[in-house]
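Asks: Following the hints, put chain B with the ligands in place on chain E, whose structure we already have.
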Amino acid sequence: MHTYEVFLKKDGQEEYRHAGSIDAPDDELALLLARENYLRRAEGDLLWMVDRAHLLIGDRDFVAPNSDKPHRDNDGRLVAAHRKSQREAQ
Amino acid sequence: MGRTWSSMEDFEAFLDDGGMVEVDDDMPDEYRTAVFRFIELHANSELMGGLTERDWIPMTPGLRHKMAVLAKTQDEIGHGHLLYMVAADLGVKTRREMLEDLFAGRSRFHNVFHYPARTWGDQVAICLLVDGAAVPSQKAVYKDCSYGPYKRILKRIIAEEGFHLRLGEERVLRIAEGTDAQRAMFQQSIDDWWWPALRLFGPDSRPDDRLARWRLKSEKNEVMRAGWVQKFVPMLHSYGFAIPDPGLTHDAETDTWTCGPIDWEPLKRTMAMDGPDTARRIAEASAAWENTRWVRDALDAAPAGAVA
Ligand SMILES: [Fe+2]
Ligand SMILES: [Fe+2]
Numbered sequence: 000m001h002t003y004e005v006f007l008k009k010d011g012q013e014e015y016r017h018a019g020s021i022d023a024p025d026d027e028l029a030l031l032l033a034r035e036n037y038l039r040r041a042e043g044d045l046l047w048m049v050d051r052a053h054l055l056i057g058d059r060d061f062v063a064p065n066s067d068k069p070h071r072d073n074d075g076r077l078v079a080a081h082r083k084s085q086r087e088a089q
Numbered sequence: 000m001g002r003t004w005s006s007m008e009d010f011e012a013f014l015d016d017g018g019m020v021e022v023d024d025d026m027p028d029e030y031r032t033a034v035f036r037f038i039e040l041h042a043n044s045e046l047m048g049g050l051t052e053r054d055w056i057p058m059t060p061g062l063r064h065k066m067a068v069l070a071k072t073q074d075e076i077g078h079g080h081l082l083y084m085v086a087a088d089l090g091v092k093t094r095r096e097m098l099e100d101l102f103a104g105r106s107r108f109h110n111v112f113h114y115p116a117r118t119w120g121d122q123v124a125i126c127l128l129v130d131g132a133a134v135p136s137q138k139a140v141y142k143d144c145s146y147g148p149y150k151r152i153l154k155r156i157i158a159e160e161g162f163h164l165r166l167g168e169e170r171v172l173r174i175a176e177g178t179d180a181q182r183a184m185f186q187q188s189i190d191d192w193w194w195p196a197l198r199l200f201g202p203d204s205r206p207d208d209r210l211a212r213w214r215l216k217s218e219k220n221e222v223m224r225a226g227w228v229q230k231f232v233p234m235l236h237s238y239g240f241a242i243p244d245p246g247l248t249h250d251a252e253t254d255t256w257t258c259g260p261i262d263w264e265p266l267k268r269t270m271a272m273d274g275p276d277t278a279r280r281i282a283e284a285s286a287a288w289e290n291t292r293w294v295r296d297a298l299d300a301a302p303a304g305a306v307a
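The listed protein sequences correspond, in order, to chains E and B. Here numbering that gives the first Met the number 0 is used: position 49 in the first sequence is 48, and no number is missing along the way. Here numbering that gives the first Met the number 0 is used: position 32 in the second sequence is 31, and no number is missing along the way.
Excised from the complex, chain E in its bound form (with noise of 0.2 Å):
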């Protein structure tokens, strides 16, 4: 038995969910288990699924780094500050 995470997505929709799991012995299996687990009423137009093993993941410790990066983002505050006053000199 593998156990398979399926995503799902809409036409017309950005991206690809993560609908939820299902086990199964093989991939056809597994396809029409997750059509009739989580596809009943066209909750997607397109279909993918993993085996469990097979995902690479990054958990939080690899991403977090990335948390706190403030010099990839200006909040243009400085500037609007300094138009701000000037509307106010006039």
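Think of the hints as simulated: they come from the structure by calculation, not from any bench. Built from N, CA and C at the ideal position, the CB exists for glycine as well. Take the hints with a grain of salt, since some may be wrong.
As the list claims (entries may be wrong) - Restricting the straight-line Cα-Cα distance to at most 25 Å, the calculated cross-link-like pairs of lysine-lysine (DSS-like) are:
#1 Lys154/B / Lys9/E
#2 Lys150/B / Lys8/E
#3 Lys138/B / Lys230/B
Said to hold, decoys possible - Partial chain B-side listing against chain E, Cβ under 10 Å, derived:
#4 Ala158
#5 Leu298
#6 Asp299
#7 Ala301
Replies: Using the frame of chain E, we list chain B with the ligands on its own:
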């Protein structure tokens, strides 16, 4: 590896801030066990309910309604399927262990699935009153659920329960427009199912309810129960059916219906696996599991890719 918390206080502070727990988080054992038990009970109930639906496929009157029962059966079994996946990922029991415990009578399922569905009227009452209790209960869990995988699966399930409830409302309309014999049959079904369905919400919530503190429930049982009474009393009255509750009262000023005293003894008996139809239901479910063993064995034995 997911997140860790140094203490229960730490973890509860995270929950109080609206934090969502994911499957790879190192959640406290008490929380893991409580979430697992809750989802296992839900999964067992979906499966037991689905098996009763299945019994009624050949006996459902009319092709359109027969097809709707097929769809509802597939939904309920599907709900069980999805919930067992979410429960198994918590690592407390495998799916097979959960099923074997259920069929051996070692684990619980909701009270309403301990009663026999004897007539088509019973099926109509179940579709209205039981699915009509499932929807607000599941919505109350979904609303603020702290366990991410359960919340996401509930969204899917609730949408389908809405279909069941609308189906139930249509069935009631049709049976109300039926013959005197059909109306009498349905009145008997209301008499038999009103109280079991009402007890599905459970006794009044305790102020120290752990499930509420951990955001697995966001509504008190008594509030959901009152909402259910308020919805179904006027609906059934409007079709000329009676409610089997001599203590039922109506406040004309606020137009509010309130049920009389509730006897909790039958709920206790179903919790002790001693309901009117408990043994037969478990035996049927167990037989269905045994009769399909050859399929599982064949799949387990097949080399990868050989199943065509
Ligand atoms: Fe369901
Ligand atoms: Fe349902």
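Asks: It remains to establish, for every hint, whether it holds in the given structure.
Replies: So, going through the hints one by one against the coordinates:
no.: 1; hint: Lys154/B / Lys9/E; result: holds (17 Å)
no.: 2; hint: Lys150/B / Lys8/E; result: holds (20 Å)
no.: 3; hint: Lys138/B / Lys230/B; result: holds (16 Å)
no.: 4; hint: Ala158; result: holds (8 Å)
no.: 5; hint: Leu298; result: holds (4 Å)
no.: 6; hint: Asp299; result: holds (7 Å)
no.: 7; hint: Ala301; result: holds (7 Å)
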